[in-house]
Amino acid sequence: MLSSANLERFDALKRRYPETKALTLPLLWMIQEEYGFISEESMKYAAGLLGVPYGHVLGVVTFYTMFRSKPAGKYHIEVCTNVSCMLRGSGEIMSHLEGKLGIKCGETTKDRRYSLGEVECMGACGKAPMFAVGETYYENLDTRKVDKILDELR
Amino acid sequence: MMSRPSDSTKASSWSPVILPDIKDYHKIDVYLASGGYKALKKALGMKPEEVTDEVKKSNLRGRGGACFPTGLKWTFMPKQSAKPKYLCVNGDESEPGTFKDRQIFEFNPHQLIEGIAIACYAMGVATAYLYVRGEYARWAKMMEKALADAYANNFVGDKICGSGFSTNIYIHVGAGAYICGEESALMNSLEGDRGYPRVKPPFPAQFGLWGCPTTINNVETIANVPVIIDRGWEWYSKIGTPKHPGPILVGVSGHVNNPGVFEMATGEPLLEIIHKWAGGVPGNKRIKAVIPGGSSTMILRGEALEGVRMDADSLKAAGSAVGTAGVIVMDEDTDLIRVLTRIAKFYYHESCGQCTPCREGTGWMWKILKRFEESQARKQDIDLLLEVANNIEGNTICALGDAAAWPVQAMVKRFRDEFERRTVPEAAGTAEPAAA
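Read top to bottom, the protein sequences are chains A and B. So in the working numbering, spot 142 of the first sequence is number 142, and the numbers just go up one at a time. Numbers in the working numbering are just positions in the second sequence, counted from 1, shifted up by 1000.
Next comes chain B alone, as it looks inside the complex (with noise of 0.2 angstroms):
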């Protein structure tokens, strides 16, 4: 079990917010010593647009991947509706290296209910349901007690905090499946069948859970609204980088001395994140590449990191993107063919197969790149590989398909001296056709 909230050092003058080193900070005692469900009822003494606009001011941006900026999302939320309206909190955190949510169910889990609860009056929802993903059970188990303290303390349930407003927060465990992290793919396993998303439109705003208006918000997205409402917008749109301002969670894996979860502004330079941050490459060897935002992003050139900063624009220009800001840090020695063939194995192992592309391609392109892997391929593989993942990008319901292409993709682009080196002459080549 970690000891500290954030595993942050004394790498910048940012006092952490949404993972704070205070002891004991999962307990409701605590919490509330340090002003926690105090965001709440400041919230419930404003209109609930005013919520809204106080989020939306404050430019938060979604933290589960997309960048998505949160108030406008509340927004799409019918005001007057006959139906039910509903919260999914995405819990689901699956992409290969993100860790950070799982820290805020174990050290920060009442500001994660008080967040929730801000979000459901804002919206008018009485049902808010956070999905945790399977194997996060012990997890799960942790956001029940607190919720359990949070419901005898009237922060959730019938007429939260002595006001009129009521709302209940129910945790659903899932089981096993990195595309319940899409936002209807977790609708539909919520609603207890295979997690398949659907088909864009209708949105979830229009038609979610059960065919009622619906929003789905990743957990930390959630943990930053109880700052935004105690401290106001304007502090908190100052906060690193202006137009995707915010702490941030970034977790730093691979090869760094010091890998964990830590809190910082958004802007951070990478390299400071791995040198500073995360303590630098063990032997201190060169650093060949980095994943900047889970498996799905593009990885970059060692060499290319100079400048790039860790916030949704930087990192676009820099030709890759934030994500769930899980940075995977690889030295010299890395096969990097093996981490690609390990990531095409797991979009292999993930794809729903609603989808022809994304079944069949995210498979043949593992079979391709396993043939790269045992140095093996064609030379004409390297431009079959790509026109696989071409054929995926685009052609799926859900960015999957996507997910699943982008990294070869850049591997492709940024690496390609990597393939050559493990082609075979072509007469001497025996290995298969991919696609049979």
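Bound conformation, chain A alone (with noise of 0.2 angstroms):
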């Protein structure tokens, strides 16, 4: 199920812990990159590697909000609505979003290119609003911003 390069990655991590459980979010990392979220099937994949049983893995996997056991848009573009953003127009960013992806908070387009979510504080606030495209930021937005962002995101 993983790829020959992450299985390898894998294993050298397994010399970092005493333990191989700690590899729990190391390898449904691997997972979600590869797969771009985390099936069933995969879950028992990562129980068998790292010798726990599935309920863990499952356990796990549904208590951190960033691990996926659903695919998300091509783009899954995540809003932070906290109070620093909230302050400075995240709500106007949200219904922008909404607005120009013909879609509510939560859902992901017909074509699968994006989906949109509402995520908790991402350590902005100093540039807020913002939202977030897998690991990159975009930051200090407004309408036009966001505008110029979803003709780059095709």
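Since the hints were made in silico from the structure, they are not lab data. No experiment lies behind these values; they were computed from the predicted model shown. Certain hints may be false.
[What the hints assert, rightly or not] Under the rule of at most 30 angstroms between Cα atoms (straight-line distance), these lysine-lysine pairs were calculated in the DSS-like manner:
1) A:Lys148 / B:Lys1141
2) B:Lys1276 / A:Lys145
3) A:Lys21 / B:Lys1200
[To be verified] Short derived list, chain A residues pointing at chain B, Cβ under 7 angstroms:
4) Met66
5) Asn82
6) Cys125
Ideal placement from N, C-alpha and C gives every residue a C-beta, glycine not left out.
Using the hints, build the complex out of the two chains.
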């Protein structure tokens, strides 16, 4: 299931921890990177690699908000709506995105290109409002800037 | 991406030592040319307990929110231990309004690495884990790069700088859970479990990671260590407020003209921070309220800011806390009920669910607050809200329960009129009771 490169990474990481179970998060990250989400099948596979029950892996996947058990859009847009962003117009950014993409927060466009979500504070308060797409932060947003970014994310 | 490490303008004579304004400081050659890793070499020439003593005498207090004396914490670690000892560096930075550790990852990763190596030497630790929140994946990669350079130059790894001391540093990335910033939850997360806080005692110094002696320090705290070793505790302890000395990274957000992270000496007046460092309030509006240290610290009224300083004691006296020094400024037009409802929603979302008062109470508070937000609350909902908050506080395994209760208690106490304005006359009240 894991690419051979990631399997090698997994084996190398084992040396960093006294117990293999500590690799639960790193392994789940590798799976999500490869597949875009973590399926039930992947969780069972991870349990085998880690030597832990499937229930443990399921428990971890459902606990951490960044792990997805369903696929998201090609571009998963996560808008921070916490206080610092809220005070600087994240509500407007969210409704602008909903209007432009024709979906509500929590939904995916029909062509699966975009999905939209709400996130808690991302540590970008000094450049609020913001959204993240994958590892990239887009900060100091206004609706004009949002349009430009959407044009780039095709 | 931020172009400057600290957004400090010429607001004071303080020259930054945590986020110095030196081009490409994140690169190891630039860091070395500016005297980087000098403190590590100095420390390796001292006895481990002398290093701890230096940190103790500097009066450095933790920058992760609790302000606990760092040197004292280090002395809790057993000198002799049959089991391995660990250091966890907390880079889970998730308290709303807090964005300072991110600046260290990006602009001064080597000072953090140097501080970790010194801390490991002082406590006899052979393995340190730097826990970085999952959302900071990009910044974790920046740290990986710096760490690889530090390994290549023998500042980390086997027989550091030709000494007999060896230590490894590993980066561990989280996956989105505020609670993992709580030290025992962080350890469980590192072990590969759900981020559930542990009951204390036993304390981490006795029974931490994998049941071994462990110390957990915040990123900014550790970044202060090389400065203390390099310049000495006497120099350090004279910066800012004597009881809570040193440089502090203050993040200012919300209704200010120039939001950002500013490095300053502790004890800077809050009003100076807002007006001088952060450029004042747009449109010269009146300040209605300020949350001084991240979302869990108690809100202050705009009129009550005179004389309040950015340090542990001054903010405590003002009825709040320095927390993570994340200052959120709100102007006169701010709907504070909306702000509090959003904060309550956050804690409801982030409660790990182990303790009933927190798991249920945070949801109830959010539900009641939504009634106020919609101006559909009943008069008795104010007391109901307080009752729920009071029953969470102190009744949970970890401080998340308290962190959820304090903003509610403070808002009711200091802005009761805002709540009263959002109630409907008794007979017309149609909303259902919160707790069903």
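Evaluation of the provided hints:
| no. | hint | in the structure |
| --- | --- | --- |
| 1 | A:Lys148 / B:Lys1141 | 27 angstroms, holds |
| 2 | B:Lys1276 / A:Lys145 | 29 angstroms, holds |
| 3 | A:Lys21 / B:Lys1200 | 23 angstroms, holds |
| 4 | Met66 | 3 angstroms, holds |
| 5 | Asn82 | 5 angstroms, holds |
| 6 | Cys125 | 4 angstroms, holds |
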